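Novice: In order, the protein sequences belong to chains A and H.
Sequential numbering from 1 applies to the first sequence in the working numbering.
Sequential numbering from 1 applies to the second sequence in the working numbering.
Derived by calculation from the structure, the hints in this document are not laboratory data.
The structure presented is a predicted model; accordingly, all values stated were derived computationally and were not measured.
Treat the hints with caution; some may be incorrect.
Unchecked claim - Taking lysine-lysine and the BS3-like style, the derived pairs with C-alpha atoms no more than 25 angstroms apart in a straight line are: (1) H/K165 to A/K6; (2) H/K115 to A/K6; (3) H/K115 to H/K169; (4) A/K6 to H/K157; (5) H/K169 to H/K157; (6) A/K64 to H/K165; (7) A/K6 to H/K47; (8) H/K115 to H/K165; (9) H/K115 to H/K149; (10) H/K47 to H/K115.
Stated by the list, open to error - Using C-beta positions, here's what the derived DEER-type ranges look like: (11) H/I74 to A/Q37: 42 to 50 angstroms; (12) H/R18 to A/P36: 19 to 27 angstroms; (13) A/A26 to H/A103: 28 to 36 angstroms; (14) A/A53 to H/G167: 47 to 55 angstroms.
To be verified - Footprint (simulated), chain A over chain H, 3 or more residues, beta carbon under 8 angstroms: (15) 17 to 31; (16) 56 to 69; (17) 102 to 116; (18) 149 to 157; (19) 163 to 169.
Quick reminder that beta carbons are idealized off the backbone N, C-alpha and C, glycines included.
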Amino acid sequence: MNPDLKRELGRWIDADRSGRDDEADAAFGGVFRAVPQPALQPGLPDRVIEALAREAADRARRAKRAAAVGLAAGLALLALAGAFLVSSGPRLFFDAIDLGVRGAVWTSEALERGLGLWAILGQIGRVMAAIIATPQVTVALIGIGMVGALALYGLQRVLSSEQESS
Amino acid sequence: MTHARAGAEPAFREIVRRYERPVMSLLARMVNDPALAEDLAQETFLKAYRRLNTFDTERRFSSWLFRIAHNTAIDALRRRGPVEIEPDQEPAVPPPPDPVEAADLGRALDAALGKLRPDHRMAILLRYQQGFSYEEIGDAMGIPEGTAKTFVHRARKLMAAALEKAGWKPE
């Protein structure tokens, strides 16, 4: 063995044994050079860059999928809302006029009688419930809610798979 | 570095080329499995690329990169679970008859290194393989400078004891 290495080995072990930390540090530095270097496989930079390109492509694909899901959900919501308005448009129009008139009369009466905020809110709630509690509106609202929930679920799946892979 | 942070692949390829050997050496010794070390080196550089915008340019790049490598290695060792070594079956490398070759001592040191706790092993590698100061070791491992010094000191003593036990006596 290299005599210097042999001497450094002795110096390190002796210095560490007797608590001479700085000397042990220096001597061990010399001894440590004897530790074999692990073999390096060629091509790591290429593999890293290829993996980065694959990741970027995956990200783009997921973004496209998320956009497609969002667009489909938006279109479905629009279609449902359109169908609902077309089917119940005239009725909604007359309901709105009726609601406006009754609301104005009731509000003026309420102001005269000095009703509280909760009484006014309660009355508004009852009127809204009367409009919503028809089969047409209920079905339409449930349909819109389901499409919205499905769209949210789809988006959540797409986004979570993207998070897992990053 | 500026080009790499802006997402320029050739600049990042240059970074990988520059640091692949130290990162690979560190990981190979940490996990003692060349194939796994290759995968972990790739994972380290991918993580580094994704986090380049969080790198503080006031810090030393190698400390930042080795911190990622360290965390990646620790995660891999946790996934793999503890490797139990029976005291009587320790892979000690005894000294051969004279003339003693440096390679034999290297293998004995490597075996002693493999028996250290992962954080002690990392501290030794950063200190004597990468030439880091205690402050830089602390920065790379996310520990105070004093703890880094204690890790190196303890690890060196354990290695000395392991070598002596294997028959490597000082002159």
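Novice: Hint by hint, note whether the structure agrees.
Specialist: Going down the list of hints, with the structure as the test:
1. H/K165 to A/K6: Status holds; Cα separation ~17 angstroms.
2. H/K115 to A/K6: holds, 23 angstroms
3. H/K115 to H/K169: Within the cut-off at roughly 19 angstroms; holds.
4. A/K6 to H/K157: The hint holds at about 18 angstroms.
5. H/K169 to H/K157: holds, 14 angstroms
6. A/K64 to H/K165: Distance of about 62 angstroms is beyond 25 angstroms: violated.
7. A/K6 to H/K47: violated, 41 angstroms
8. H/K115 to H/K165: holds, 13 angstroms
9. H/K115 to H/K149: Holds, at about 19 angstroms.
10. H/K47 to H/K115: Violated, because 28 angstroms separates the two Cα atoms, which is more than 25 angstroms.
11. H/I74 to A/Q37: 42 to 50 angstroms: At 22 angstroms between Cβs, range violated.
12. H/R18 to A/P36: 19 to 27 angstroms: holds, 22 angstroms
13. A/A26 to H/A103: 28 to 36 angstroms: With a Cβ separation near 23 angstroms, A/A26 and H/A103 fall outside 28 to 36 angstroms, so the hint is violated.
14. A/A53 to H/G167: 47 to 55 angstroms: Once the Cβ atoms are compared, 52 angstroms apart, the range 47 to 55 angstroms for H/G167 and A/A53 holds.
15. 17 to 31: holds (count 7)
16. 56 to 69: violated (count 0)
17. 102 to 116: Coverage by chain A holds here, the residue count being 9 at a Cβ distance below 8 angstroms.
18. 149 to 157: holds (count 4)
19. 163 to 169: Per the Cβ count (4), the hint holds.
In summary, the numbered hints that this structure violates are 6, 7, 10, 11, 13, 16.
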